[in-house]
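Given the sequences, and given the hints that come with them, work out the whole structure.
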Amino acid sequence: MTHGLDMILYEAASALTDAEERRILLDHACGDNPALRKLIEEMLAMRDAAAGFFGSQAGGVSNASDSPRDSTGEEAIRARIGRYQLIERIGAGGCGVVYLAEQLEPIRRKVALKIIRLGMDTENVVARFEMERQALGSMNHPAIARVLDGGATASGRPYFVMELVDGEKITDFCDTHRLGVGDRLGLFLEVCQAIHHAHQKGLIHRDIKPSNILVRMEDGRAFPKVIDFGIAKATSAGGMDDETFTVAEQFLGTPAYMSPEQAMGRTDLDTRSDIYSLGALLYELLTGVPLFDPNRLKSMGLDEVRRVLGSEEPPKPSALLASMEAGRLREVARLRGCEPDRLVSRVRGDLDWIVMMAIAKDRECRYETANGLFRDVERHLASEPVSAGPPGRRYRLRKLIQRNRVTFAAGGLVFLALAGGFGTSTWLFLREKQARTEQERLRGEADRSRAIERMLRQRAESQGVIAQAAVKLSYGDMEGAAALIATVSSDQIPPSLEAANTLRTVGEWHVRHGRWNDAAHAFTGLTESLISVDPTDSDSVSHNLLNTAAALCYVGDEAGYEKFRRLAISRFGKTTHPVVAEQIVKSTLIRPGGEEVLAVDRSLELVILKAHESRSGPISGNPELRGWSYVALALLHFRSGDYQKAVEWCGRCLDSAAEDSARSLTARIILAMAETRLGRGDEARLHLLKSGPIVRERLAGPLDGERGGYWFDWVNAGVLLREAEGLAGFGKSR
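So the mapping is simple: our numbering equals the position in the sequence shown, first residue as 1, plus 214.
What the hints contain is simulated information worked out from the structure, not anything from laboratory work. What you are looking at is a predicted structure, and each value in this text was computed from that prediction instead of being measured. All C-beta atoms in this analysis are idealised placements derived from N, C-alpha and C, irrespective of residue type, glycine included.
The following label-pair restraints were derived from C-beta to C-beta distances:
{"#": "1", "residue 1": "Glu578", "residue 2": "Asp896", "range": "42 to 52 angstroms"}
{"#": "2", "residue 1": "His727", "residue 2": "Ala341", "range": "53 to 63 angstroms"}
{"#": "3", "residue 1": "Leu941", "residue 2": "Glu838", "range": "22 to 32 angstroms"}
{"#": "4", "residue 1": "Asp856", "residue 2": "Asn715", "range": "35 to 45 angstroms"}
{"#": "5", "residue 1": "Ser754", "residue 2": "Ser537", "range": "48 to 58 angstroms"}
{"#": "6", "residue 1": "Leu595", "residue 2": "Gly770", "range": "43 to 53 angstroms"}
{"#": "7", "residue 1": "Ser352", "residue 2": "Glu827", "range": "22 to 32 angstroms"}
With a cut-off of at most 25 angstroms between alpha-carbon atoms, the simulated BS3-like pairs for lysine-lysine come out as follows:
{"#": "8", "residue 1": "Lys575", "residue 2": "Lys788"}
{"#": "9", "residue 1": "Lys530", "residue 2": "Lys383"}
{"#": "10", "residue 1": "Lys788", "residue 2": "Lys415"}
{"#": "11", "residue 1": "Lys788", "residue 2": "Lys777"}
{"#": "12", "residue 1": "Lys383", "residue 2": "Lys512"}
{"#": "13", "residue 1": "Lys512", "residue 2": "Lys575"}
{"#": "14", "residue 1": "Lys788", "residue 2": "Lys859"}
{"#": "15", "residue 1": "Lys324", "residue 2": "Lys383"}
{"#": "16", "residue 1": "Lys788", "residue 2": "Lys824"}
{"#": "17", "residue 1": "Lys824", "residue 2": "Lys415"}
Structure representation (structure tokens):
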């Protein structure tokens, strides 16, 4: 049997111990495919029968090559695995069983040992199990359970050993100890820090819920621990995050705490999915009620669950508390150590805003990081304005008063003493101030109106100039058209195809005559105009950006190039078109870029790599485009500091392109820079000796035509050549 849909569904169903949950999974996964459902059910029955058979054999046989198993097919209590002896079964995850165990050597201590389930040791599940072990092993945070050891049984079933977290789930702990809102927020802050640490390590937990956050008391202080990274998702390249898991993972997680995008089975999950789950946790810590009723969700079909999570807006925490039946609210308040009215007012405002921002349906509206959520809760506890709250003056004044109660109380007494004497004069002063404020407001509105009017007039004048230039082009008067274009500011170019075509023609004419500053001006206007008017995700649009980038870099207009980069990234940063992605990466990294640029270009790298894996599409069927994609990836890795990876991509380009082509020479120049950074100066100089003369010769001649590459390809090569020779100190040694 292959590891296709049937195997993935079998593994997902095997991970569910509840029969009703397994039925719901099969109802929605198999749909109207009864043959597939029958196959999965037969496989599950065979697995259960096999588990029973092995369990019946374990009673009187001690197999030295592996641990004995009980009647369910799992490891028997008191069995020994390596240097650990099992004491009792304490839980089960998606693909593993967790035991309380005792480490026998070199020190004796209680630990938690997780071993892959019997019948679950398929290639995919073993990979997922190994990812959880690696995920936990990569982290070092006091609020995340640590991995202590790992290995495999004699029969090859992997296991790993964690520190034993002997605690209550966070909601039960808070209720048992009647923690007030402030103390609950203190625990929540530590959880946020732990999740932020995981995010910094490139991992998304994806199953944050109360039962996965255990709290224990030690020396009179509560310590939370985040556990169970069993369905964590790696965000960095190289993690176990391939399409093999896609189908199964649509069913993993806990719906009551699951973000809408995770419930929809989206594969582009990011850390904001965990932010949603943290918001759901905070909601429950404050109100005692889950964001959505788990029993209600459990009774629904998968499509209905997705609809609820995606469209139903839960009430604000304070509104939920205020709507509770009186007896229920008294109990919730008692568990939080305060009176009902006090609890509602304590939650209303800041905490409402913080929670609702964290659980926003649109992830773009949530906190970007767990640290951002942490900071807002911290600001609330310090009576400082929170970022999720309204920025009004009244709100900020209230916060100022809360932080300085004594000062304002004393000031209030003084004010009352003086109020009688100064009442009339204060009233007159306030009236005069109000009149001045109103005059300033009206003056500001008049200034804004004049500015808008001026902008519209300039835009109309620019439109007229563009139209005149287009007429001159139609008569072949290039000089006249260029002179008109020179009078128009690039930020006043009207968004129209006529303007884009006119500016492109004039810019190309300037290139042929070596008028690079004029060309940069025309191409900048072209970019502004075309991006505004053509919303399509097409390389016919992004191709024009190569002109602009090359011209701006050639004349050294760093400010213009930075503005161009921001515009290009905002317009095409989320493209799914591989050729567009290649062009954006290439055009935005001719000069070194900051982390914001690199982050966007790394996401575009995934689009390019996916196209490489495909047997169809514009890149797979076009050797030239494929070669340029190698150049773009080499440049990205060089700018990111991964010089060895840049060398590898350059090599792939050189293997696939003619020696004197623009892409081959550009790859060789990037290779020289990477070799320089790697300390291989002799190799770098050799590459520059091979590429430099050809590029300089090509740039010295006319740049019209497409011999060995478009003109902008040669210009980009020349810009990179200057950087490479400076980096290698090449000019000093000649």
